[in-house]
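What follows is each chain in one-letter form.
There are 2 protein chains.
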Amino acid sequence: MKLLEERIVQDGRVLSEGVLKVDQFLNHQIDPALMQAMGEDFANYFEQKGITKVITIEASGIAPAVFTGLSLGVPVVVAKKNVGITMTDELAAADVYSFTKQQNYTISVSKSVLSKNDTVLIIDDFLANGQAALGLMSICQQLGAAVAGIGIVIEKSFQTGRSLLEEQGADVYSLARIRSLENGQVEFVEENLSQH
Amino acid sequence: MKLLEERIVQDGRVLSEGVLKVDQFLNHQIDPALMQAMGEDFANYFEQKGITKVITIEASGIAPAVFTGLSLGVPVVVAKKNVGITMTDELAAADVYSFTKQQNYTISVSKSVLSKNDTVLIIDDFLANGQAALGLMSICQQLGAAVAGIGIVIEKSFQTGRSLLEEQGADVYSLARIRSLENGQVEFVEENLSQH
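Residue numbers (my numbering), protein chains in the order written: chain A, 1 to 196; chain B, 1 to 196.
Keep in mind that the hints were calculated from the coordinates and are not lab data.
Among these hints, one or two may not hold up.
Repeated chains share a single entry, so a pair holds when one copy, or any two copies, can fit it.
Lysine-lysine pairs mimicking DSSO-like chemistry, simulated, CA-CA at most 27 angstroms apart [as the list claims (entries may be wrong)]:
id, residue 1, residue 2
1, Lys111, Lys49
2, Lys81, Lys21
3, Lys2, Lys116
4, Lys81, Lys2
5, Lys101, Lys2
6, Lys21, Lys116
7, Lys111, Lys21
8, Lys2, Lys49
All values reported here derive from a predicted model rather than from experimental measurement.
Could you put the whole structure together from the sequences, leaning on the hints where they help?
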């Protein structure tokens, strides 16, 4: 997605060979018009898949996910890292290992919001090692819901995430695919530039 | 806002005299079309205030906030409960006491996304004791930004939040004002029904 790649070049900051900071428009400060365009792009790609629910993980996945849900006309389920006092229904859960924090966290989804009648689109802001998306796939599997695809805002293509998800048979669609962050420069995967 | 009140009656569940569960459309599962309507309503109420940024707290505030930001044509700042590895800029922070969890948590905003040139609209999903909104007001004050108003999705009018915020001079606008959750019933503040 050209608009996103331009924004990454303009406002992103390479903190290290593995870390891209996009706090100015995606994580900490959010550009709603960009999120809307991203949601329309995801919806356009996955519209023939019969999706009944979008699912994401709090917190950074919520903005792209709600605009995708709006475009597809379906509800958005937010997997919770912190289970609140109102989550009184039975839960499905998965452990996710965070390489950046070097620890596990648990994500939970109430059985009241996802079932075997659902066909799910997973949306997340970053794809690096794929652990968050695998956790969401596990929850869908536990609840009998089909996973129609995975939409990613920014893919670090130099990490193993895409391979791991594709090994599970997932259709992974990323709006921006980063080949390298070496020497403080953002290099995109070439096919991406021609594709969008 | 009639649409929201009807949805609360239809899908909300009263767990106790103080706790309303809205996991089916606001917190855990999100209805994007309802969020869009709420965002337009907030934008309509505050459009003459010269707002330059919307601010909220992760995670449940994000959905209504991004649609408000879209309608007003301004960026949305998400105050973080967990400071990630990319938040390398200087931070403004405030401690927020959670009555439900009976403990303090810290919210943080990078100085790079809010300044004395900003006029801010605070958006949050619930107003009960007002502590989260007061924390956001404190952060705006620390960074010299003006607070133009506070938009709340669901106000528990039987708790002290509105009074505390109004004592600070804030213009508080709530889409649904709940007078009571006694006997398992949701009762709205009367003026709200005629007002919207």
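27 angstroms Cα cut-off: does Lys21 pair with Lys116 within a copy, between copies, both or neither?
For Lys21 and Lys116, the Cα distance is within 27 angstroms only across copies (24 angstroms; inside one copy 37 angstroms).
Is it within a copy, between copies, both, or neither that the alpha carbon of Lys2 lies no farther than 27 angstroms from that of Lys49?
Intra 24 angstroms, inter 34 angstroms, cutoff 27 angstroms: intra-copy only.
Is it within, between, both or neither when you check Lys81 against Lys2 at 27 angstroms Cα-Cα?
neither (32 angstroms within a copy, 32 angstroms between copies)
I want to check one pair: Lys111 and Lys21. Are their C-alpha atoms no more than 27 angstroms apart within a copy, between two copies, both, or neither?
between (35 angstroms within a copy, 15 angstroms between copies)
Up to 27 angstroms between alpha-carbons, please classify Lys101 paired with Lys2: within, between, both or neither.
Neither way: Lys101 and Lys2 sit 31 angstroms apart in one copy and 44 angstroms across, limit 27 angstroms.
Go through the copies and call it for Lys111 and Lys49: within, between, both or neither, with a Cα cutoff of 27 angstroms.
within (23 angstroms within a copy, 42 angstroms between copies)
My question is about Lys81 and Lys21: at a cut-off of 27 angstroms on alpha-carbon distance, are they close within one copy, between copies, both, or neither?
For Lys81 and Lys21, both the intra-copy (22 angstroms) and inter-copy (18 angstroms) Cα distances are at most 27 angstroms.
Copy assignment of Lys2 with Lys116, given that the CA separation must stay at most 27 angstroms:
neither (36 angstroms within a copy, 33 angstroms between copies)
Of the numbered hints listed earlier, those contradicted by the structure are 3, 4 and 5.
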